[in-house]
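Undergrad: All chains, please: the whole structure from these sequences, using the hints.
Protein chains: 2
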Amino acid sequence: MSSSPQAQAPSPGVVFDTLQAYQRSVALKAGIDLDLFTAIAEGNQTLSAIATRIQASEKGTRVLCDYLCMMGFLVKQGADYTLTADSAAFLNRRSPAYLGSMANFLMSPHIAEMFEDITGVIRHGGALPSDNGALEPEHPMWVEFARSMAPMMQMPAELIARMFAGSNAITVLDISAGHGLYGIAFARHNPNAKIVGLDWANVLEVAKENAAKAGVTERYSTIPGSAFDVDLGSGYDIVLIPNFLHHFDPATNEKLLRKVHAALAPAGFAVTPEFIPNEDRISPPRDAMFSMQMLSTPAGDAYTFSELEKMFHNAGFARSEMRELSPFPQRLVVSYK
Amino acid sequence: MSSSPQAQAPSPGVVFDTLQAYQRSVALKAGIDLDLFTAIAEGNQTLSAIATRIQASEKGTRVLCDYLCMMGFLVKQGADYTLTADSAAFLNRRSPAYLGSMANFLMSPHIAEMFEDITGVIRHGGALPSDNGALEPEHPMWVEFARSMAPMMQMPAELIARMFAGSNAITVLDISAGHGLYGIAFARHNPNAKIVGLDWANVLEVAKENAAKAGVTERYSTIPGSAFDVDLGSGYDIVLIPNFLHHFDPATNEKLLRKVHAALAPAGFAVTPEFIPNEDRISPPRDAMFSMQMLSTPAGDAYTFSELEKMFHNAGFARSEMRELSPFPQRLVVSYK
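If you read the sequences in order, they're chains F and X.
Throughout the first sequence, residue numbering follows the numbering used here, covering 1 to 337 in sequence.
Throughout the second sequence, residue numbering follows the numbering used here, covering 1 to 337 in sequence.
Think of the hints as simulated: they come from the structure by calculation, not from any bench.
Any given hint could turn out to be false.
Same chains, same label: a pair holds when it works inside one copy or across any pair of copies.
Below 30 Å or equal to it, Euclidean Cα-Cα: the simulated DSS-like pairs (lysine-lysine) are [claimed, not checked]:
hint : residue 1 : residue 2
1    : Lys337    : Lys255
2    : Lys194    : Lys255
3    : Lys76     : Lys337
4    : Lys59     : Lys259
5    : Lys255    : Lys59
TA: Quick look at the structure:
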C-alpha cells in the first residue's frame, strides 16, 4: 500500500482471480452451449448479428463475448468479434477438430458433484463412502465420457496408431475401450489388424457405433464386462490400456496387469496412454493436476512413470519406457512382455 | 499434428484448461477451509507434519499441496512446502491482511446458483424471473458479504480515506455501507468526521460491530432501509457509494444519484469505488470481467467511466473524474455537486 513502486509486493489479485476461476469454465461452456463460436465462424461479427444468430439478448451476448476475449477465445477489433486460431479449430461446430462436446463431460454434474465436498475428500484421501460410485458396473457416466470425450481422443489415438499399428496381421485388445477410438485407429491404419474392445456393455454400444463409422466393424469384436473379472483371451500382439489405471490403487492395477501379461503373445507389449506427472509431481501441470480429479476415486491417482514402471514390473513385464504424445497433454508407457 | 515444430499451431490445451478452471477455485477454497496455509506458516513443511496439523490424509494433503504449487500459492523444494509471499500475506489466518474469508462470499451457494443457468441468463440479458432475488430487502447474502469481504475492503477503504478524510469537521454518508469499512476509515483518519451508514437493518449490525472495533461508535450513526426509499438527510460533505451502482440500470441509478445530489452540501462530492472497465470493455480484466457477475442481477452492469459520468451528469452533478486505486483492482469516480 506504499506509494513507491514495488513490483513484487504481495497483491490480493491472485486470490481474487483464483476464487473466481470457476466463472471461466462456466463462461466457456456457455459459449459452447450457445454455439457462439459457430455463429462467429459463419461471419456474424457484430453484437447484433451474433445475438440474433444465437437467439440471445444483445447485452448478454456482449458480456459473454467480452469475457471470452479476455480469456483468449475471441478477438475484439473495434466493436467486432472474430475467432482465435484455437477457437476456429476446436470450438466451431463445423470444424473437423471440434471439441466442444468435451464440456459435457468435464463439467457434467457427475464431475461437479465430486467437488462438492472436496474438503472431506482431501481429509479422507479419496472418495467418501457416501459417493455414488462412478466405478460401479455400467455407470452412465462412462457412456457420457465415451460420447463427449471422443473428439479430444482422436489426436492421441492417431499418434499412437502411427507409432505401433504397422502392417502385419495383429490382434489388439483395447481395455476400457470407451469410445473405442484407440483400437479403431489401429484398424484404420492397418487393414490386417483385428481389434477386441473391452468395456461395460452400455459403453461398448458407443465403441461399436464408432467402429461402424470408421468402416471397420468386421474387424472389431467386443468383450463386455469388467476387465478385472472377464476372460481377456490370449495371444494379443498389443494390449491398449488407455486412461484406466489412474482409477485404482497400485495393488489393484498389478492384479489387472498380471492378466494383461498373460494375455499377450511372447513378443507382445502393452501401450498405456495416461496423465503422467514428472517425479516432482508438479509438472507438467496438465498431467500433474489430474491427481486432484483422481482424488474423487476411492484410491486412484495420476501416477509417475516410476510408479507405473513398478506396477508393470511387479506384474511380470520385462521393461517399460515412456514416450511423449506432444502436443497432446498426456504421455505413453510402453511395457514389453 | 505435423511433426515439424509449429509454435503457433492450435492446441486443445487451452480449451481443456478452461473447462477445468473451476477446479482451481475449489482447490484454493479447500486450502483455506482446511487452514493449510496457516499450518505451513507455523513451520509444518513436510507432508506428514502438514497432514497431521490439518487433520487430513497424507495423500489428500499431497494432492492439494501439489495443486496449490502449480497455481502459485505454495513452493515445493524437494519434498517440503513453503508459502509464497502472497500466501503468507493473505492466506495465513494469523496475518493481519488475511483474506481467506473472501472465499465464503465469492464461492457461496448464492453466487454459484447464479451460474447454474448462465445460458438462460445470457439469452435473457439478466437475472431470470425465477431468480430468488439477492436484491430483495434484507437478503442474507449481504450479511455474508459484509462479514466475508470486509478484509478485502480494508485496503481500498484506507486508500480512499487517505485521499479525502482531511481533518475538518465533516459528515459522511456511506450508502450501502455493508461492513461499514469505507465510512469507518474516514472516522479513523479524521477525529472530526461523523459517519452515517445506510443499509438493510440486518447488514448494519455488521457495520456497527466494525465501528465498535474501530472505537468510533460515538461518531457512527445509521439509517436502516433501502437507499431508494429512505430520507437520506442533507448537508453531507461526502457521500460514499461503494459497489452499489453496478446492481442497477442507469435510469434507476440516476434516480438515486438525484437524491444524493440533493443530500450533499454545496461544496460536497460523491465518491464511488467501483469495477470500472475501460471503454473497450475488455480491460483491465478484473474490472471488465465483473460484468459477467452482474449479468446475474436484473439489469446491473460493470459500467465504464463514460457511462457513470453520464449518470452523475444527468442527476445534476457538475463534473466527475476517475482515479486509480492501484494496487487494488478497482477504480474510483469522484463527482462534484
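Undergrad: Determine for every hint whether it applies to the structure shown.
TA: Status of each hint after checking the structure:
Taking the shortest Cα distances, Lys337 and Lys255 sit within 30 Å of each other inside one copy (15 Å), while across copies they are farther apart (79 Å). In this assembly of identical chains, Lys194 and Lys255 lie within 30 Å of each other by CA distance solely inside one copy; the values are 26 Å within and 75 Å between copies. Taking CA atoms no more than 30 Å apart as the test, Lys76 paired with Lys337 passes in neither setting, with 55 Å inside one copy and 37 Å between copies. In this homomeric assembly, Lys59 and Lys259 come within 30 Å of each other (Cα to Cα) only across copies, at 28 Å, whereas the closest approach inside a single copy is 58 Å.
Taking CA atoms no more than 30 Å apart as the test, Lys255 paired with Lys59 passes between copies only; the shortest distance there is 22 Å, against 57 Å inside one copy.
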